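**Student:** In case you want the letters, here they are:
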Amino acid sequence: MKVRHRVDLIGDGIENPFNIEAMMHAAQMFDSRCLFNALPVGGEIADGALAITSAQISQSYAPVLALENWKNVHVLYGYELPQQAHAAVVAGNERQGISRQVACVSTQAICIPMISKRLNCINVAAASAVALYYLCYGLRGRMQIRSEPQKKRPEIIFVAGTEHAELGSSIRSGAALGWNRIFIEDRCQVWFGCDRVTKSEGRAAARRGRNPIRLIPCDRDHRYLFGEAVVVTTKNLGNPLPKTDLCRGPQQAVIIADESQIDVEAENWQRVAQRVSFAQIEVPVTSFSYHYRHLASIALAEISRQVGQKALWKPAKQEPLYESSLILLAQELGEEVFLEDLEDY
Amino acid sequence: MSRSKHTRPPQIIAAERIRHPSGKRGKGDPSGEQRMLSVLKELGIEISEYAERESIQQATISATIAGAISLPKISVQRPRKGFSHPTGRALLKRALLHFGELSWYGVREISLIHNPDSVGQNKLIFGRLSVPGKILLYEQPHPPWLLGGLVRGDQRQLLESAGATVEISSDGARCKIDWPEDTLSNFMLFEVFMHEIGHHIIQQFKGKRQAQVLRRKDHEVLALAFARRCRQSFLYEDRHG
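Sequences listed follow chains A and B, in order. When you line the first sequence up against my numbering, it's residues 1 to 345, in that order. When you line the second sequence up against my numbering, it's residues 1 to 241, in that order.
Hints were generated in silico from the structure; no laboratory data involved. Heads up, a few of these hints could be off.
Subject to a maximum C-alpha distance of 25 angstroms in a straight line, what follows is the list of computed SDA-like cross-link-like pairs (lysine to any residue) [said to hold, decoys possible]:
id	chain 1	residue 1	chain 2	residue 2
1	B	Lys176	A	Leu326
2	B	Lys123	A	Leu329
3	B	Lys123	B	Arg78
4	B	Lys134	A	Pro315
Coverage of chain B stretches by chain A, computed from C-beta distances (three or more under 8 angstroms per stretch; other residues unrestricted) [what the hints assert, rightly or not]:
id	segment
5	7-17
6	98-110
7	122-134
What you are looking at is a predicted structure, and each value in this text was computed from that prediction instead of being measured. The beta carbon of each residue, even a glycine, is placed where N, CA and C say it ideally should be.
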C-alpha cells in the first residue's frame, strides 16, 4: 500500500543507541528518512544516522509535529496532515522529552493517548513507529468514546518474542495503552526462563517498577476457548488492521507473533479459537528490519483506538423549555404581510 | 388529619421565602415561637402570645407596603415597527401581585423581547419558559393577523375562547385572526404568561428544577388548567372590585 503523506522522523537528543537504530528501522519501514538532532557526543552511534539542527528542521519541514504527552495537544488518531505537506514528526529524549529549542520550532504537538494511570509514555522507537503508521496513511479514524471501554478490550497473546528488550517494550506499550493482563507464549525463553541479566534488561524495558500489568505464561500446547482469534501480521493476509473489528471484548484474542521467529501462516491457531482470521499491518516497503516492538505497538495502538476511552467531558444537560406558540398546518408559499406594512406601502 | 410542620403548602413557603430570602428554614415556625414563650414563662416573664403574633403579622404587612418584597425583574425591549407588547410591565406587575407570592417565587427574570423566529417559520411564538425561572414574552404583530396557513383545531378553540375571531379564506389555505378590544392583551396575560407561570410552579415545587418533572402532555394540561383558573379569578376580581 502506498503512503499518502511523506513524513520524516526526527529524533531529538536520543541517548540510547539501540533506540537510535530502532528509530531508523521504523523510518525505513514507512519509506521515510530518519534524522537526529543533538546526537550523543562520544557515544556509540548507529551507522548511517544523519544529523539535523533545529534551524534546519524549521526551514525544511512544514508542519513540524512534536510527539509529546503534553496536555491539550492533538490526538494522533484522526489527525490529518494537509495535502502535499512535507511533515516531520519529532520524538524527544527518552527521559526528558523534546528539548526547548526543538519545541520552539515545532508547529503542532500530537500525542498517543495513554490509558494507564501509572505509565504515561511508551518506548521512543515504538512511539515513532506508531506515529509514522498513522501519519503516513492519513485519516484512520478517531479515538472511540464509550461508556464502558473495558468491556470491549480483547485479550492479547504475545507469541515467540525473540528479544527480551523488544518484548519488554511491547509489554510496556500494552500496559500504557490500557491492558491489565497479557498472555505470553515465551518460546524463546527470553522472559520467564532466562538468565539474570536478560531478565533485568527485559524488566527494565517493560518499566516493571511501575508497570502493574499481569503477565500470564502460556505454552504452545495449551488450548484456549476464545470465541475468535485475530492474528496480526505484516504479510498480505486478511483485512487491513483498521478495517478489522478488534473490539469484541474478552472473548476475542489478538495474537501478535514475532514473525522473525515463526511463520504465522503455518502455525496452528485453531488451538486458540475455532474462528481464526488475519489482520494485516500495511507496510509500504517489501523488506525492512523487523522489530517486534514496532509491530506490536502499532497493533496495540490500533486496538486501543478502536476500544476507545470514556468521554473526558459530559455533554451539557438540556434544560426543559416550554413554549406557547401557534403552529400553522399548511404554510402557503409567499410572505406574511402585516397591516402596518400595507399601510406604509 | 395531622401534617408535619416541614410539609407546609407551597403558598406559605413561597410567601415566607420571598419575605425572608436569606432567613433560616425554620423562620416563622410556630413551634419555635411556642418554645421561646415557654422559656420566657419559666424565667417568669409573661408575654401575651396573641400580642406577639400580631406584632409579627404587622411587621410583614408593613414590609409589603414599604416595597421590601420585590417582584422579579421585568425587562422590556422596545418592540419593532408593526409589533407591540400586548402586556406591558404594569399589567404583569398587577397580575403577579394579584396572584401572590406563589406565582413569582423562583422566577428570576421576565423579559419582553423581540421575536426573531416569527418571520419565515410556520409558527407564531408567544412566550417561553426557560427552566429555571426565566420567562420570555415575545412581541406580537398588530392585529389582525393574516397567516399563510391554517391553525390546528385545539388551538383555534383556545384562540376563540380567549376572544379572537378566526376566519378562514375561501380557498381554505389562509386564515385571518382578529383580536377585538383588549382580548389580545388578556390572551397574552393568561393563556401565555400565566400558562408559563403554571409550568414554572410545577417545576419549582418538585425539588428537581433542572429536570422535566412531568410528561410534557401532563405538564401542558396542568399549566392550561392553572391559566384558566387565573383568568377566572383575575377577571372576576376586576369586574366585581
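**Student:** So is the segment 7-17 of chain B in contact with chain A by the C-beta rule, three or more residues under 8 angstroms, or is the coverage claim wrong?
**Tutor:** violated (count 0)
**Student:** Need the status of pair Lys123 of chain B, Arg78 of chain B: alpha-carbon distance at most 25 angstroms?
**Tutor:** Cα-Cα ~22 angstroms, so holds.
**Student:** Sort out whether Leu326 of chain A lies within 25 angstroms of Lys176 of chain B, counting only the CA atoms.
**Tutor:** 13 angstroms, holds
**Student:** Given the hint that Lys134 of chain B pairs with Pro315 of chain A, does the C-alpha gap stay at or below 25 angstroms?
**Tutor:** Answer holds: Lys134 of chain B to Pro315 of chain A is near 22 angstroms, not above 25 angstroms.
**Student:** Using C-beta distances, would you say chain A covers the segment 98-110 of chain B, given that this needs three or more residues below 8 angstroms?
**Tutor:** violated (count 0)
**Student:** For the segment 122-134 of chain B, does the count of residues with a C-beta closer than 8 angstroms to a C-beta of chain A reach 3?
**Tutor:** holds (count 11)
**Student:** Taken at face value, is the distance from the CA of Leu329 of chain A to the CA of Lys123 of chain B at most 25 angstroms?
**Tutor:** Roughly 9 angstroms between the alpha carbons, so the hint for Lys123 of chain B and Leu329 of chain A holds.
When each numbered hint is compared with the structure, violations occur for hints 5 and 6.
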